[in-house]
Structure formats: structure tokens, C-alpha cells
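Residue numbers (our numbering), protein chains in the order written: chain A, 3 to 176; chain B, 3 to 176; chain C, 3 to 176; chain D, 3 to 176; chain E, 3 to 176; chain F, 3 to 176.
In case anyone wonders, no lab produced these hints; they're calculated from the structure. There's no promise every hint is true.
If chains are identical, the list can't say which one is meant, so a pair holds when it fits in one copy or spans any two.
The calculated lysine to any residue pairs, modelled on SDA-like cross-linking and capped at a C-alpha distance of 20 Å, are [stated by the list, open to error]: (1) LYS60 / VAL26; (2) LYS60 / GLU31; (3) LYS60 / ASP30; (4) LYS60 / ARG79; (5) LYS60 / GLU155; (6) LYS60 / GLY112.
What follows is the residue order along each chain.
There are 6 protein chains.
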Amino acid sequence: MRGFYIGRYQPFHDGHRHMVEEIVDEVDELVLGIGSAGDSHTTRNPFTAGERVMMVTKAVEELDATTYVVPIEDLDRNSVWVSHVRSMTPRFDVAYSNNPLVVRLFEEAGVEVRGSPMFRREVLEGAELRERIIHGRDWADLVPETVADVIREIDGAERIRRIAETDAIEETGE
Amino acid sequence: MRGFYIGRYQPFHDGHRHMVEEIVDEVDELVLGIGSAGDSHTTRNPFTAGERVMMVTKAVEELDATTYVVPIEDLDRNSVWVSHVRSMTPRFDVAYSNNPLVVRLFEEAGVEVRGSPMFRREVLEGAELRERIIHGRDWADLVPETVADVIREIDGAERIRRIAETDAIEETGE
Amino acid sequence: MRGFYIGRYQPFHDGHRHMVEEIVDEVDELVLGIGSAGDSHTTRNPFTAGERVMMVTKAVEELDATTYVVPIEDLDRNSVWVSHVRSMTPRFDVAYSNNPLVVRLFEEAGVEVRGSPMFRREVLEGAELRERIIHGRDWADLVPETVADVIREIDGAERIRRIAETDAIEETGE
Amino acid sequence: MRGFYIGRYQPFHDGHRHMVEEIVDEVDELVLGIGSAGDSHTTRNPFTAGERVMMVTKAVEELDATTYVVPIEDLDRNSVWVSHVRSMTPRFDVAYSNNPLVVRLFEEAGVEVRGSPMFRREVLEGAELRERIIHGRDWADLVPETVADVIREIDGAERIRRIAETDAIEETGE
Amino acid sequence: MRGFYIGRYQPFHDGHRHMVEEIVDEVDELVLGIGSAGDSHTTRNPFTAGERVMMVTKAVEELDATTYVVPIEDLDRNSVWVSHVRSMTPRFDVAYSNNPLVVRLFEEAGVEVRGSPMFRREVLEGAELRERIIHGRDWADLVPETVADVIREIDGAERIRRIAETDAIEETGE
Amino acid sequence: MRGFYIGRYQPFHDGHRHMVEEIVDEVDELVLGIGSAGDSHTTRNPFTAGERVMMVTKAVEELDATTYVVPIEDLDRNSVWVSHVRSMTPRFDVAYSNNPLVVRLFEEAGVEVRGSPMFRREVLEGAELRERIIHGRDWADLVPETVADVIREIDGAERIRRIAETDAIEETGE
């Protein structure tokens, strides 16, 4: 059985890692979708899809299941989103999510969805992590070591701090 | 003479129906444009274009005028919006709107626009209706009966309730 | 039961009209999708979506079934095309087509498709009609009278003749 | 040496003019990029790219340096934004900006960026100017005379006032 | 009076230059639109919009009229093309073209169009020029000297020769 | 050192596999880009990005190097293509290609490119393979066994045969 788990992974952290471990107990293969793949260099989405591919791949490579890590660009058309996801990923049997819209879209398309009380808890951790990086507080122990290495390799903390003040090109030269 | 009246129709309600009746007194044929046609499954735009095509068509089919019901996808370029609308619709002589931007765009393009104090009153009814559905209050008597039938056929109330909490895919798996 | 029949309708002609009559024997309601809705002013696609909406609506309005006439913009992503069509149209139970790709896409999406030997015969009629218009030969008797009226109202024959030499903006000013 | 300076120029005002004069002391040729070129007819972005091309060209034409005035459409992909800008402009050696995101993107792409304390001061002047126009207060003495002429030629003040109430098409017909 | 003249200018050559001189006799200001602005690095469209902005600006800067040089990205929607062009350019009174589609689109939009037997002659010169560059034959004397300088500055001849064999990324790694 | 190798992989065959083995001798990690990721269900591009992700991943998973398999959607803007590729992939030091356009684009962006006489030989193998499938000739021994398994799992041969006659939706209902 193949499962699908989507996140923005900005960055991939221990909460994600924990979920992946739980899911892998239930499936043979796992597809990890990297959402909002086209976004980067904003406070909310600092890392490029490629940087996140690297983070996620390294963070799950010692797992026992075959994993696929696939960037998913936003389509801004909810009604075709499930088709879009499916066209970009190996065929999967079950999707994991607690996001009500994602759950609804998969259900309307006839895809089985599984949630868990755990999903909820992680909700704000991405924002919390990025805040810590901006203010120079401890963050490296909240992500897998391989992820911390990637963030250092790409000088990610500096990028986040630099764009914290303004992350909109449109503010330019008003 | 052919008239044009645009709305998002989320859903088509008695306020819209009333306007259509007024307009039909002034024109021979009426083009009903369904705005933001690509949006669906959000709190603000729960229904797909196709679902709204069905609602509007059934709500106006016993009228005496020939009507055209046409989905209009957003283009996010105000300067070409009038051309876009015109390319998607039968040629029309007058547009009906109270939205200041829509009025301005049509006027700059040399299209006659008519408003009415009535338009204003309906402004928040769409939001009000969706609120009622979410909280399980009476809503069916505010829309034409054929529209209520469509919403039931597609299980629309359940969809609105389910996505009321979160309607953004990007919130996924933070 | 609701059926779906898609065509580019450049223009809507007696072959299409004949098919529609056959389909209407099998369904209660018919959705007519106008394909390549964003294209116009080319030799192959001379008419805008709006002009075709007018042609098709008038050509089928005296039929006994409820009909919906919906422009469908190209998406250039075969894998999401069925979802796109469904989001733009009232829910349908069966699609009518002889185009192998369209048939395959609907089948992979689990939609019933019906074809007919008749469909094939009409294949080149659109091109033939446009050729006749360019060369000033008889064409009006190959389309419903209401369609001929629309083409005259919008001065369509002149447009086709004018762009017959070049229909690509990119040829400009080489 | 060629410099690049980007702004939305809604409208081009004396603050921009002052910056251009400073930059021209440091470079031989100056490329002026008009940002958010596709936006117009909103409170924040009232003027079309073409109107702004006219404003900026006339406001700098008596300068001693060769200037290029180039509309830049938004791409909404920060990671390719620098490439996009470069493909639309003559090759430049240094970019002028104080916007932290713009600075970061250019630096990651290996482009030299120069800022100045002056840039900051102008930040809200565009908004201030548009407010003055809406409320009928003096504004013409804050922009180059040629710019005031353009705004009058296109009846720009009236446009801004008309759309001040609502500048979203999506509000239509709720 | 302001005139508009569009071309792809791949590259800007003496035929274009000659036309510009003729037009400038009839208008006070001239807007030069650079078509297919998003295309580059193909046999047919070797130069970026920015490179062409530089070529055209330098080739016309000693003319007596005010000129505007504006890149126009393709929109692939003929029905909104005129609006798109207008939104990107200063308001113009007359368009110059011999391309039948362009003429038709402007006429349907109510814009005066002027042609000339001269336009026709230049039609294949762009292709001829690119062929000469590929095969190392004389080309520099067919373009304004400033244009030849730009092509040399950006190593344009080498680019054209290199991509002459294949100019499609999609051929990759079949 | 990290290398990048792009192909459409329609399907991934022994020629690709052979190249990957050669590249892996020179790099520590390999990024495999799946080009034209949005295309599928055509004669030339029968498989979805997701199906190809599965093929490629399984075909290289027993290799000794860390590999990343990343779909790359076409952007149709050569001038930003390299930035687009980089944003979707882990940072790489060298790109492998024999496609003249790809080589040129990477070189203009300052990326080292390596080719090999081997690349050329494989050029038509994808087309040859698809021809064999259409005509029911042997094909399975030209692809890795895991790839043949995937094609069978998704009933890929049938899809290719079905769309061989027409693979354009636009042909519909002419």
C-alpha cells in the first residue's frame, strides 16, 4: 500500500519526522508532497522547493520504506487540485491530512483520507521555528540533524533574518 | 437590446433573482456572467462554476427573455478585464453593476453602465447566506427553490460546513 | 440523466446539430462544452467563445431538453483536463465523444463514454465550412439558420477572409 | 557602467526623481524598471504600465544619461525573479534598492546592490500622494510637472477617486 | 499625434529603421512595441527582450521624435491582445502594421491602422539576417551600427550559431 | 560533488540507465530532472510526471549514490529556465547534457556542463520504444525491469495504443 503526506516543510522538522514514522508503519511506500513548491524567499516560505527536496530526502533516507519526495506547485484551483497532485505523484491508496479543505477535496474525489490527533499539534511549529531563527534562539534541536546541516549549507538562517522586515517585492520603491 | 449582469452567485439568491427581473424589463436578452469561475471550495466561494451554472440556469429558465449563463474566470489584469468579458459573452449593449471598479472599467472602455439603489442592498446577502448554512440556520427560503434543490443535490451545505474551519491548502502540514 | 458533448463549434453546423438531436433522445439534460474557448481570430478558430455561446444557444433553444452551453478554456494539462471540465459544468453521467484522447481521459477518470459512427463523418466539416467562407462559396445552408444569422450579425465571413493570409501575431514586423 | 532602479511609480514623484539624479552621478546609463506592470485600476496601483512608461520617460528625458524605461510584470516566483528582470532589461552592473527582499535576491544571484538612507524616506510617499488625490488636496507640486501633465491627460485623479471605495472586481454582485 | 509600431526585432535591422523614419514624418511621438518579449534563445527569437530594448533604443535615439520602447509579452488570446498592448503602452492614435491579423484586431477595437507597400518587403529580412549569422556571411551592414555593437557586446552571433542545431529544451535526453 | 541530468524519460530506458551509471562515477549525488512534467497522455509524452517519478526512482534505487528525482514543469521562457531548474532542485555543481540549447543556457548562467558522445546515440530511443509499444513489438527488454513493471501496473501500453490515432483534445467535435 502506498500513502501520501503533504506539507510545506518550511522547514521539515521533528513533528513531520514523527508523523512520517507513524505513517510508515501503515504503508509500504510513502509519497511526500512538498506543497507551495513555487514559493520561496518569504517569511512564511523561506526555502525553495529544491532546498526542501534535499531536507526531506535526507531526513527520511534511512527509513525502511521506499519514499518519493515530490514538489507540488500551487494551482490555485481547488477543483482540480486532487488531479494535479495525482498527476505529479506515484499512484497512492490513502492520503494523510488533518487540513479540512484537503480532506474534503480528497473525499469528493473518492480518495481515502486518514487523520490523527497528532497532526494538529504540529500546526504552528513551522512558524515557531522560523521565529526562533529570526530572533537567534535555539532551533537546530527541533529539526533532524540532516535538515540543520542543509539549512547551514545554504545559509538559510541568514536568508530568513534578512527578509524578515519585508518579503514583498511590490513594496519596492513606493 | 442585450444586457450583461455579473455576479459570483455563491449562491444565486432572491436578491439576484429580483435584479434579474428588473433588468429583463429593460432588455430583450440577458447575459449572466458567473465571476471568479475558477474558485470553489472556499468559505467565500464554495461552489464550482458548473454548480453555479446549474443554479442560475434553473433559476431563470422560466423567464420570458433569452438568457445566457457564462462562467468568467478571473484574469487578475484589470486593464484587459473588459476585453476578456466581451470575448466570453454574446455582444451586449449595456452592463448592470454598482461596483465602482466594474463601472469605471466599463466606462473607460466606452460601455454604457446602469446601476440602481437596489443593487446595494443585496451586497452582503451572499456572506449572510453562507453564515446561515454554516450555523444550521434557515437559508432555503432566501434562494429560489430550484437553487435550494441544486445545493441539496450536490450536498453543498455539508461542503460549506466542512471547510469553514480552514479553506487554505497552504495551511497544510505546517 | 445528464449528458456532456464537447466541440469547438467553429462554427456550430448541421453535423453538430444532428448529433445533439441524437443525444437528446438518450438524456434528460445536455451540457454543451465549447472547447478552446480562449482561442479566436485564427483560421482554425475564427469565433470568440461568446460568439459561439450565442450560436449554440440559439441553435438548440427549441429542443425539448434543458441545455447548458459552457465555454471551456484549454488547460494544456491532459492529466487534469477531466477535473477542469467537471468543475466548469453541471454534473453529468455520460460523455459523448469519438476523439480517442478524450475517450481515454474520461475512461481513466471513471466516466462512461459513448461514441457513434456518426461522429466520425462530421470530422472535417468545420474546416470545409471555413474554406467555403474564405472562397465565397455557399456555406449558409450547412448551418442552422440561427447560426447563419449570428455569423452575419458579427460580420464573421469578413473576419475569416481577412485573417486567411496570416493568423499569427508573431509574424509581425519581421 | 549601467545601473538598475526599480519602482512601481504609482505615480513617479519627486522622491523618485531625486533618487534618479543621485544614481545618474554614479552610472553612464540607467535602466528604470516599472514593477507590478500588469496591475492597474486599484487604489494601490491606479495607473497602467503604459501610463507609467509615459510619466517616467518624460520625467527623465532631459537627464544627461541614456535611460531605458521597461515595464516588468510580476512573476510571483521569487526564485526566478532576478532572471526575469534580467531578461527584460539591458545588462546592468549594479542594482539600486533598499527593499530587503530585492537586495537578498540580487545578492544570491551575485549582483552588486547599492542602497542609501535616502531610499527609506520616500517609502510612503506614493500612498500619501494617492490619498491627497482622493481627498482633493494638493498633490501636483510633489511630482515633476511632466508627470502632472500625464495624470491630467489621462484623467487619472478621477480614476483614483472613483475606485477608492472598492477596487476589487470580486466584490461584484455578492 | 502618437503612433504605434510593433515588431519582434530579432534583430532590429535597416528595414525597421527605414519604416521608423517614415512613420516619424507622420507622428510627434512613436511607441515601438517589442513583440514576443518573453521569447529568446531560439533560432527564430534569439535575443531577449532586454537585449532588443537596448538595440532599438540606441538605433532610434538620435531621431527627432520622442520614442518609447516597450516589451510586449505574448498573451495567446487574440481577443484581448489589443487591450493588453494598450495597457503596456502610452495612449496612441494610429497603429502601423501590414500583418492581416494585427490589422483586423485593431480595426475591430476601433483603432486606426495604416500600412504601406514598404512593410511587405521587409518580411523575410529577419530570417535572412539570422541565416547569414549562422553561416558566417556578412550581416553587420544590414543593421544600424549601434545594433551591430550590441550584438557583439552580448556575443549574439555565437549564441545563434550554437542553438541553430536544436532550440527545444524538450528534445532533451529522449 | 552533485550532478544534474535532465530527460523526459518517456519512458526511462536502458540508454538513460547507462548514462546514469556513467555520471554516478563522477559525482557523489545525482539529481534526475523529469522534464515536461506537466505533459502526459500524448504520443510523445504518454506518462504523467508521477508515473515517471516511480519509474526513475525504482530504476536507480540500488545505485550507490544518493539520488533525487524531481519533476520539472515547462516554463516556456528560455531566459529564466536555468533559475527555474535550480529552484526546483538541490544545488548542483555540474549539468550533463548534449542538447545545444540546454548547454548554452547553462553556460550563459555560469554552470559547468559536460556532454559525451554517448548522449547522442540515445536520442531517438524514446520514440523508437513508443513505436514498438504501439505496434505490439518487443519493448520490455529495452528498459530496466522495474520500469517494465511500472508500465504494466498502470496499463501504459494500452494508453499509448489508444491515443496513437489522435492525441489532441482540440480535434474534438470539429
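Taking the hints in turn, this is what the structure says about them:
no.	hint	in the structure
1	LYS60 / VAL26	both (16 Å within a copy, 18 Å between copies)
2	LYS60 / GLU31	both (16 Å within a copy, 12 Å between copies)
3	LYS60 / ASP30	both (19 Å within a copy, 14 Å between copies)
4	LYS60 / ARG79	neither (31 Å within a copy, 25 Å between copies)
5	LYS60 / GLU155	within (13 Å within a copy, 28 Å between copies)
6	LYS60 / GLY112	neither (32 Å within a copy, 27 Å between copies)
The structure does not agree with the numbered hints 4 and 6 stated previously, though it agrees with the rest.
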